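Asks: These protein sequences, in sequence, are chains X and F.
For the first sequence, the positions run 0 to 368 when numbering that gives the first Met the number 0 is used.
For the second sequence, the positions run 0 to 100 when numbering that gives the first Met the number 0 is used.
Worth flagging that the hints you see were computed from the coordinates, not collected in a lab.
Everything hinted at is true.
Take a look, some chain F residues computed to stay more than 10 angstroms from chain X by CB distance:
| # | residue |
| --- | --- |
| 1 | I13 |
| 2 | K20 |
| 3 | C30 |
| 4 | H32 |
| 5 | F34 |
| 6 | K78 |
Cut-off 27 angstroms, straight-line C-alpha distance, at most; resulting in silico cross-link-like pairs (DSS-like, lysine-lysine):
| # | chain 1 | residue 1 | chain 2 | residue 2 |
| --- | --- | --- | --- | --- |
| 7 | F | K10 | X | K235 |
| 8 | X | K126 | F | K10 |
| 9 | F | K47 | X | K140 |
| 10 | F | K78 | X | K126 |
| 11 | X | K126 | F | K87 |
| 12 | F | K55 | X | K183 |
| 13 | F | K78 | X | K235 |
| 14 | X | K126 | F | K55 |
| 15 | X | K162 | X | K15 |
| 16 | X | K140 | F | K78 |
| 17 | X | K186 | F | K47 |
| 18 | X | K186 | F | K78 |
| 19 | X | K186 | F | K55 |
| 20 | X | K235 | F | K87 |
| 21 | F | K78 | X | K182 |
| 22 | X | K182 | F | K55 |
| 23 | F | K47 | F | K20 |
| 24 | X | K235 | F | K20 |
| 25 | X | K186 | F | K87 |
| 26 | X | K126 | F | K47 |
| 27 | X | K140 | F | K55 |
| 28 | X | K235 | F | K47 |
| 29 | X | K235 | F | K21 |
| 30 | X | K183 | F | K78 |
| 31 | X | K162 | X | K182 |
| 32 | X | K227 | F | K21 |
Just so you have them, the derived chain F footprint on chain X, three or more residues with Cβ under 8 angstroms:
| # | segment |
| --- | --- |
| 33 | 116-125 |
| 34 | 132-143 |
| 35 | 182-195 |
It should be emphasised that the depicted structure is a prediction, and the values quoted were computed from it without experimental measurement.
All C-beta atoms, glycine included, are put in the ideal place defined by N, C-alpha and C.
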Amino acid sequence: MNRVGIIGYGITPFTKKDHSTESALLESTRRLFVENPEIMPKEIDAVLVSTNSNTKYLSPILSEMTGVSPKISHTVESLCSSGTNTIVSAYSYIASGLADLVLVAGADRYDSPGQVLEWDNSRGQYKHPVFWASIFSKAYKRRFSVSNEQLAIVPVKNHKQAKDNPNALSEKICTVEDVINSKKITKDLRLLECSRPCTGSASIVLGSEDMVKRLAHSPVWITGIGQKTTSAGFTKNIPSNFMESTKIAGRMSLEMSNKHAKNIDVAEIHDAFSVCEPMALEALGFSADGKGMHTIQELHETDNFKINPRGGLIGAGHPLGATGIAQTIEVTQQLQSNAGNRQVDDPKVGLVHNMSAAATSSTVLVLET
Amino acid sequence: MSFEARLSEGKFCIPECTQCKKTVWPPSEFCNHCFGDVQLREGDFEGKVIEFSQQKEGYFCLVEFESIRIMAGISQCPKLGQTVRMSKCGIINASYSFWVV
Ligand SMILES: [Zn+2]
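Bound-form chain X, shown alone (with noise of 0.2 angstroms):
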């Protein structure tokens, strides 16, 4: 199998404006290759789009927009992590030798359809993701003793991470206060506690390892990838275990690059809403089970940025198509040492979690320098 790393990125701000899809992606597409001048569309076998927009045949027109000519041109949608299932997509077309170099290109807009799955029936009239999300919150506070204010600490260190984001959605920072006090959506969900649907964009070039040692200036490398589909519908999740396609892409992933969730400097985690955060480390081993918050807790106090840097989903926002996208991105800069403030100190392997459906899929990447 072919290596494949990473050689360039594009990222849009991620905003409430109304730009459409198109737009937002051939936006992403262009900042990669005017910052990027060494990849030549030309060059580019395969283009494809990550997105839940309803818009037809995307990767055609991106490909005709931005002067490439694919061999391989088509759309990849599974919900939120629509991303990184097009960058797995777009690796073994690489791996495969199918394809040489790789365009990956993500968007949505802030009232996509992909934010509720109108076939899960079995939710009843409770078909937005809140509902599935309180469901959680109130099984895992229940289950491992957790407060409200406890879990507060989510959004109040991803917030705060968000900051120094200069393309995330929140601009402020928020106290554990402010959290509590923000709109209860239900008894055990805040409005702070929630990603909020944006519109955004994010771009990758993936390539095989000749084109990586041609084209990139500081290479990142694609070393594990896991992914697991439990079901579709929520109500099939195990109660007690919530976050289980997580914990089998986690394990698939660190085994592919033969590391431990020990061996991991920095990640992006799907925290979908704010209780997603503990229940993924957990499940992706980097806290024992319930203990989840006692690492954001330390974190957030020490002011270490290891654990969602950009802000996260509730941070930055989340646009559906780009998110997997965006958090790649992330992690490839700090691993480059290019994240500016939000920078960890000296990375040398990240992870990329991101989930559809209230978990009922997971994708787990391992990046390394």
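We have chain X; now place chain F with the ligand onto it with these hints.
Replies: Structure of chain F with the ligand alone, referenced to chain X:
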């Protein structure tokens, strides 16, 4: 009749496979264990509350009927493990809706 046709009449049935007898959930035209045909079992099923939360004045819960788990509304604050029955169900705006007592 399909699960949805019965549900739209306000009747909650348990879909099961005519061949392997396993419960088929989410409802489907064939069994997701053996691809056998599906029949509906009617009854006054007992469910168990697995978890719950509250939105404004209303409560909602994750309930298990045999091996089927659904989200349902409940008028009073439930207890974990509490036994409940379907009090009202149907299809509203193309979405299922469930209420238990
Ligand atoms: Zn069967």
